[in-house]
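There are 4 protein chains.
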Amino acid sequence: MSNNTNHKVETSIRTLGTAKIDTCIPMCKAVDDSKPMAVTLTADDIENITEDHLTIRLQAAGPRSKLYFDPSKTKCAIVTCGGLCPGINDVIRAIVMEAYHNYNVASVVGIQFGLRGLIPTYQHDFLELTPERVSDIHQFGGTILGSSRGLQPADEIVDALERSNINVLFMIGGDGTMKAAETIVQEIDRRGQKISVIGIPKTIDNDINYVTKSFGFDSAVEKATEAIQCAHVEAVGMQNGIGLVKLMGREAGFIAAQSTLALKEVNFVLIPESRFYLHGEGGFLPSLEKRLRSRGHAVIVCAEGAGQELCPDYGQPDESGNPVLGDICAVLKREIKEYFTGIGMEYGMKYIDPSYIIRSVPANANDRIYCGFLGQNAVHAAMAGKTGMVVSMLQNRMIHLPLELVIERRKKLNTNSAYWRSVLESTGQEDFCKMDPGCE
Amino acid sequence: MSNNTNHKVETSIRTLGTAKIDTCIPMCKAVDDSKPMAVTLTADDIENITEDHLTIRLQAAGPRSKLYFDPSKTKCAIVTCGGLCPGINDVIRAIVMEAYHNYNVASVVGIQFGLRGLIPTYQHDFLELTPERVSDIHQFGGTILGSSRGLQPADEIVDALERSNINVLFMIGGDGTMKAAETIVQEIDRRGQKISVIGIPKTIDNDINYVTKSFGFDSAVEKATEAIQCAHVEAVGMQNGIGLVKLMGREAGFIAAQSTLALKEVNFVLIPESRFYLHGEGGFLPSLEKRLRSRGHAVIVCAEGAGQELCPDYGQPDESGNPVLGDICAVLKREIKEYFTGIGMEYGMKYIDPSYIIRSVPANANDRIYCGFLGQNAVHAAMAGKTGMVVSMLQNRMIHLPLELVIERRKKLNTNSAYWRSVLESTGQEDFCKMDPGCE
Amino acid sequence: MSNNTNHKVETSIRTLGTAKIDTCIPMCKAVDDSKPMAVTLTADDIENITEDHLTIRLQAAGPRSKLYFDPSKTKCAIVTCGGLCPGINDVIRAIVMEAYHNYNVASVVGIQFGLRGLIPTYQHDFLELTPERVSDIHQFGGTILGSSRGLQPADEIVDALERSNINVLFMIGGDGTMKAAETIVQEIDRRGQKISVIGIPKTIDNDINYVTKSFGFDSAVEKATEAIQCAHVEAVGMQNGIGLVKLMGREAGFIAAQSTLALKEVNFVLIPESRFYLHGEGGFLPSLEKRLRSRGHAVIVCAEGAGQELCPDYGQPDESGNPVLGDICAVLKREIKEYFTGIGMEYGMKYIDPSYIIRSVPANANDRIYCGFLGQNAVHAAMAGKTGMVVSMLQNRMIHLPLELVIERRKKLNTNSAYWRSVLESTGQEDFCKMDPGCE
Amino acid sequence: MSNNTNHKVETSIRTLGTAKIDTCIPMCKAVDDSKPMAVTLTADDIENITEDHLTIRLQAAGPRSKLYFDPSKTKCAIVTCGGLCPGINDVIRAIVMEAYHNYNVASVVGIQFGLRGLIPTYQHDFLELTPERVSDIHQFGGTILGSSRGLQPADEIVDALERSNINVLFMIGGDGTMKAAETIVQEIDRRGQKISVIGIPKTIDNDINYVTKSFGFDSAVEKATEAIQCAHVEAVGMQNGIGLVKLMGREAGFIAAQSTLALKEVNFVLIPESRFYLHGEGGFLPSLEKRLRSRGHAVIVCAEGAGQELCPDYGQPDESGNPVLGDICAVLKREIKEYFTGIGMEYGMKYIDPSYIIRSVPANANDRIYCGFLGQNAVHAAMAGKTGMVVSMLQNRMIHLPLELVIERRKKLNTNSAYWRSVLESTGQEDFCKMDPGCE
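Chains A, B, C and D supply the protein sequences, listed in that same order.
Read in the numbering used here, the first sequence has 985 at position 329, and its numbers run on one by one without any break.
Read in the numbering used here, the second sequence has 1018 at position 362, and its numbers run on one by one without any break.
Read in the numbering used here, the third sequence has 1065 at position 409, and its numbers run on one by one without any break.
Read in the numbering used here, the fourth sequence has 899 at position 243, and its numbers run on one by one without any break.
Please note that the accuracy of each hint is not assured.
Same chains, same names: a pair is fine if it fits in one copy or spans any two.
[As the list claims (entries may be wrong)] Quick list of in silico lysine-lysine cross-link-like pairs, DSSO-like style, CA-CA up to 27 Å:
{"hint": "1", "residue 1": "Lys835", "residue 2": "Lys731"}
{"hint": "2", "residue 1": "Lys691", "residue 2": "Lys676"}
{"hint": "3", "residue 1": "Lys993", "residue 2": "Lys946"}
{"hint": "4", "residue 1": "Lys993", "residue 2": "Lys869"}
Quick caveat, the hints were computed from the structure, so don't treat them as lab data.
Isolated chain A (complex conformation) (with noise of 0.2 Å):
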């Protein structure tokens, strides 16, 4: 079981110094840093593999028998930044719990609007975070917080930071956050401050390096399976009726795939990691034709990201640095419509964009025990003096991971694994993907 030369990963975490403090909270047992934990990732877990399976070790996630900060001279503060996710105000609920009830620290505060919050032109309030104030949230989607795009310079975060006597930031947010929060670390370091930075990766899109499933994914499936099982029912209403359904996933087809197995109705799943081509043997336009004759209906999920080589207008960057997509339904309608009408076949069409339905949710169970875990772990991080890291779920262990680690690169879906097998027996849409050269 030798590590893979590939994934040579450095998975050590940064502290902000020795951690003196007898620990407060009641507690079974305290993690011993000392020992990492052992998880063994597959082609399941990470896309470039190259070996069957790869063993790494990682700091658990836990309370720890010494704290660094004293938590009652603590300011603790919370920062929501990008867009909706299922579940980010039980995070808020499980981190402002976590710190009040088990560590009596002694405040929390929340910044409004993401990290706008922090820069004194836009004159945000905070918002005093207690642990009544926050009871209730989780049952309700979005963000009390408030959230917005686009990053604010390091210096000026740090300023407010030093200003308001904050001693821990947890940063929830997505790939650009997560970039975001390291160069901010990099900044309290050049300064000598002793500001704890902990970060809980934020993505609908599941798409967040070395993290199994990122939170709120499950949630969002559940919801997404509801809008496939709408067009389902509309494409069985009409002759030849087609349901084309669109899905998030800008560089992942994480929701797409996953729905697709939860509502089993789907007969195409079109995702950015695996290439299609529209004519042709193994097109997709004659396989949804072939389709149609033999069943008289047909259901297509599309990830936002997919197809964008067959996208004229894919390009230029958006206020937070993301690539603008091409609009790959808006070709597939047209395509279709071009091809079926070229062949003199009658069908009908109805297409749903479910986008802010999706991502507004509440959170299920199972993404609220996550939560819970990551809001509970975020703190316990911290409050031993760790910083530079983002808490975790990597194959069901709740873990440290070091920020470099997860910024390095976006994780995709392997679609040389028993994931997307399932996903192709699925939907039988071997046709047409047959001609992907991931798929040997």
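Starting from the known structure of chain A, fit chains B, C and D onto it as the hints suggest.
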């Protein structure tokens, strides 16, 4: 309690002939046709009423002691037309169950894909609908029979009914279908045939004349509130966040208004019946600005048929003869952008169009009950030899309405009613609707 | 259309005095008290009706052009009494929102834990109810004010109202609470005080006299159908499986009957209003045997107050003065066991009592709308100086009912109605209810 | 990373013979049996572990390149045994779909009402399971095949399999069923027959050895949280309100613990693995009193198998050989009443037993995906000629486990794990569990 002269309503129901066969169904008490039911209507029920209330007398629905058709020789057919609506399968199920279990009719068949299913060129077979076949269909949205839009020639339809020995045709559909039903009844009558045609009005817009609530309306509203809740969550998650939700309602704003009452987060509701202006005092855009300045977010619900005079592209009829609507939400999005850019005010907007997700869900408990009543009573009416009528609920009473009355005009929301007053109280949008001449 | 002599109903509403203050609320049109609303009732609405229908004239709910109370000096109080029911928080929210946003009243306070909250010995503080405090409470079941059962002396209550300068008391509660409201009104009147008491009837049993549907009923039925569906799944999962579901309904079987209509899987529905026998021809047990032999499973829905004459322990009153019910489901379980053991027939039984799961859920969309109307109109009535009345819905109209009429008797399901006939058609249980003298 | 000597686990899988037929299914990559999958376990996965972690090597699930059975001549049978659990129909559906669509097997039959369906005296016919028959069954809870408890003689079962020319038997059931599967495998082996027996472990208690989560567990937890939420609503609605919820868990408290994590309103969770005392310092009753005095309400979740030593009636085995549990909730209700009466403290209690409502619901999205994997992989394993094994998920990997390993012992919640620590952090119930020797 005199009849309003504006509403000299003709409520007599046509029959195929004298019902002479003793009923076979066990029951407490048969309905007596000689005793019509008094129903009192107000501005909340009908738009064009000038007096405080109006009492009309209608034939009550329910089993009769004498049947016109001999159940053992009766063949029924069901057809579903137009767009989807929650509860269609419930109505189909109720008809089949009632016909089999309580009347022991010889056969019930389902016509596939709307009236096309009766036209030989489309080559759709009938489905044999037995209690076993339909026992679970109420758990699913849509229609197991499939549907289509557009009309078919009445004489070809009656040819098909004769050819297939169908005695009763149950037509589930909207305004256009009810008009088609009337021409079919006239064609049957012209030929001297004894075929009963019973309509069950279906419209998710709830715009059937003299029908308090059409089936599926409650379920649609329940689902629409979920989308509005998501819009609210998105809106509060941004600085000056605007959530814009488009709901069904081509000529009547019932779903928009009812959803607004159900989820008190709506700040502006725009419906076809209430004219509004974009600019100037009491205009929509200044009102929206005011709302954002005071509360930081806003939720707008817009019926698809609202503000048509503001749309450049309003115009030509579609396949079913309905005028194609202008895209009011596109207009709003553009105008909002221009307005706020013009005054240099940053805002965020999320637009949700949940139509297909709303109309394809299964019915909720309330609609299931209603659909059960519709199906049961449609069979009662048909077996008693009635024809050219619809079964419906008016003011909590299951009643018979002549087709002529139903297709006379579409129902609209009376903006001069207590109902609309409650909607305005709920949104607080008095500013810009003040100009509405309907509002004194 | 003469008034039925059995139903000489007194429908005039008491007032505290002449309303002289111009209303402050923006509105289309005020309600004119000189024009009562005509409402037509049938056997579906009231039990003890001998004619086909009965038209009564009632005061319409809604805003008046003149107010009795000066809003800027008006202090309102809300109290919630008795068991939980979906929608209580919606009513509280609607009262607060209407009072603040449309009338700008000085203050609304919440009395905690029922009428006890007015009695000094219990030491419960009032809650200040602001729009911010109540803005999200409709998302939760139960009552944010807490509740209690049992009565408190009317003079102590009026002492507390005087001491706290309360001008309006909104009482949300059941039959007992409405009776208490009447004694409080009389005590206020005796003292010559000007305090308005407005009742909002709450009963999950739906047994309020002259009220078509009490709030929360729809939500309760929706939830009850889930339990029945589970009972059905359990029943079909066993050979000769029996699913027995107990539902609320002490003296009226509305929830049982309505849930039966909503989920067509029920084979036997037992309600207080319809007597049944266990043994002999047409008895429940032989009917159950017959059903099992023909279909292999059966679902029974039993209202808690059904078949009391079969229970040995029927009898003494509880704390609130309601008679303690005999445990009919325990009797059924024992009798079923004896019967099938006696005839040597194997069976399985699953018993579900979902009461607390039904009554503590949040209201569905329909009930939210209804509760909104109740709250809005309760405030309108109070501000106009009306007292000793309840706000309710009868036949889709929001109306005022005098307290005396409401507490006169409890509503029961009329087994001689079209409604009950539909229930019997749905279950097919004619065999054993045939003996019911209510069924001719 | 040496194997723990306590866990010398035998993980080799039996086969019926050499697989020689080329696979017919289209696929990316076949699983290679010579490369077992490494899985690392910790105290969170298995109870009786003494080292920090343990790595075992297991056969990966998935399609093989060679088949043992010729699909065109293969007849499969499915049987479901024991109590209901969400997802059974999903597993049935996945087996049928995989067998038909990907392998084109000759036939799949369903055995009705458990193993009884194979015994001639019970006279249950087989159901022919086609893709059409099963296409919608995942929308329903329960099992379309029916189930039964109790064992049947292995030789009679194998007689029936031979008589019916069944090549593969898929057994979906709990601990007892897996033991029965082992005796059937041995009887088949004794006769030299070539019949594959594949188990799919089903237990709502989640107590299958070496299985991270059994299917249906997530759905059950989701549903259980609804009941707990209701208990919470009831508790806060009364002065000193107590909500007591009984959940499944005969010997393992997984559902109780997981539901507690999912809904943070639980103040006390009682499970079989953690002993507790009623009286004295750190006792449950004084802790409950303390909680009520400080917060005014409390929610208790109790696994049915908790505190058995406190129950007078613990004892004798039922039909399936499981010991009958003492009624711990009855004990708690009585003791709570005595205790609070004794100290003269008024309280209210609502007791909810949602078991049948939890176990009979349809699976949620997560479980549907899992059940899909189970069904697909069960077919893969059978077609490759494997037998005497179960398909399951361990640490996110779909794997094969030998039956012997699975039936060796039941899984219990390790109270010395990070998982249980999180549960205690969530409830804050350290006081009375401190005495638990499992908690150091």
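Hints violated by the structure (numbers, ascending): Violated: hint 4 alone.
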